[in-house]
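Which chain is which? The protein sequence lines are E and A, in order.
Okay, so the first sequence: first residue is 5 according to this note's numbering, each after it adds one.
Okay, so the second sequence: first residue is 962 according to this note's numbering, each after it adds one.
Note that these hints are calculated values from the structure, not bench results.
Mixed in with the good hints, there may be bad ones.
[What the hints assert, rightly or not] Going by beta-carbon spacing under 7 Å, a handful of chain E positions derived as facing chain A:
(1) Thr10
(2) Thr31
(3) Val40
(4) Glu45
(5) Asp51
A quick note: this is a predicted structure, and the numbers were derived from the prediction, not measured.
C-beta atoms are modelled at their ideal positions from N, C-alpha and C, and glycine is treated no differently.
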Amino acid sequence: MCTYSTEKIEVARSSGKGPAGWFPLRTATVYYDHPVHAPDEHTVNIDFLNPEQGPGARVAVELSLDTARELLAALQTTLERAAHH
Amino acid sequence: MAYDAVLAETVGIRGHGDDLVEAYTARPMAPGPRGGVVVIHHMPGYDRESKEVVRRFAVLGHDAICVNLYSREAPGAAPDDAAATARAQGGVPDERFVGDAKAAARWLRDLPTSNGRVGTIGYCSGGRQAFLSSIEVDVQAAVDCYGAFVVGTPPEGFPLQVQPLADRVAEVRAPILGLFGNDDSYPTPEQVDELEKLLQEHGKTYEFHRYDGAGHAFFSVDRPSYRPEAAVDGWRHVEAFFATHLAG
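Just need the whole structure built from these sequences, with the hints factored in.
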């Protein structure tokens, strides 16, 4: 995991579900680096975290580049639709 | 028939700032004296494979210790959760790492089996930290396995607390072994060239081995980046390097 490059955002009014159930999210880090589990040398990784609730309060994904692009497009489409609600 | 027994266990040591930090240790069940090895885990954390490396050094005849550098942010957490927490908080500050590494070296030297000589080896972010240890810590050998940003400048807006060490090469006080993959981007082969040039200019004792067909993390046996040929040859050099510099 040595690209080190990391984007970090504050997360408000959002929730995630981890091993202990639902919890409020506080931050998210997004980075392109070595995955723990996915079968590629590098993946787009997102950690949704709540530091107040400890390291286990985490929703993590490791996405292939193709999947990350599709997710980005899907988010864009969804946000455009949301604007018309 | 060799006895070939090691004792491996978790201990608490007093690290930087007198904080109690977790460390994994392994020692041969044979009389000394012998040299000690500080293992510095990779950025993904103090995980099962890092502990395997600690045990391997004991099998090779060294007392060995690996401090959980994320002990403070995430005590008792799963290694991947701890690594994510540490990343979100900007990583491990150099000053804190140095304090923990000094404590680990002291723990090794306080063993009745110690010959007083200690080496460090680090992988990924730990490679850079191993290099840093050759400047800041009393060690007799340091092994940098593909550490990024020993030279080169981190990108702008970079939230992690790493600074290049190029301007401190003159202060290196231990022989350096560097192991790198030619397909790596962190560090790039050009950055490895630059580091080698700096070590030469300052008259430092070093040896570099660079592998085609290997990128970052080629020692990581549980990841797709694993390259057996590079890893087997790399281990051979590590064994010889420590056998030479930690003997006594």
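Status of each hint after checking the structure:
1. Because the closest C-beta pair between Thr10/E and chain A is about 5 Å apart, less than 7 Å, the hint holds.
2. Interface hint status for Thr31/E: upheld, as the beta-carbon distance to the closest one in chain A is roughly 6 Å, under 7 Å.
3. Using the Cβ-Cβ criterion of 7 Å, the hint placing Val40/E at the interface with chain A is satisfied: the shortest such distance is roughly 5 Å.
4. Look at Glu45/E: its Cβ gets to within about 5 Å of chain A, closer than 7 Å, so that hint holds up.
5. Hint on Asp51/E holds. Least Cβ distance to chain A is approximately 4 Å, under the 7 Å limit.
Hint compliance for this structure: every hint is met.
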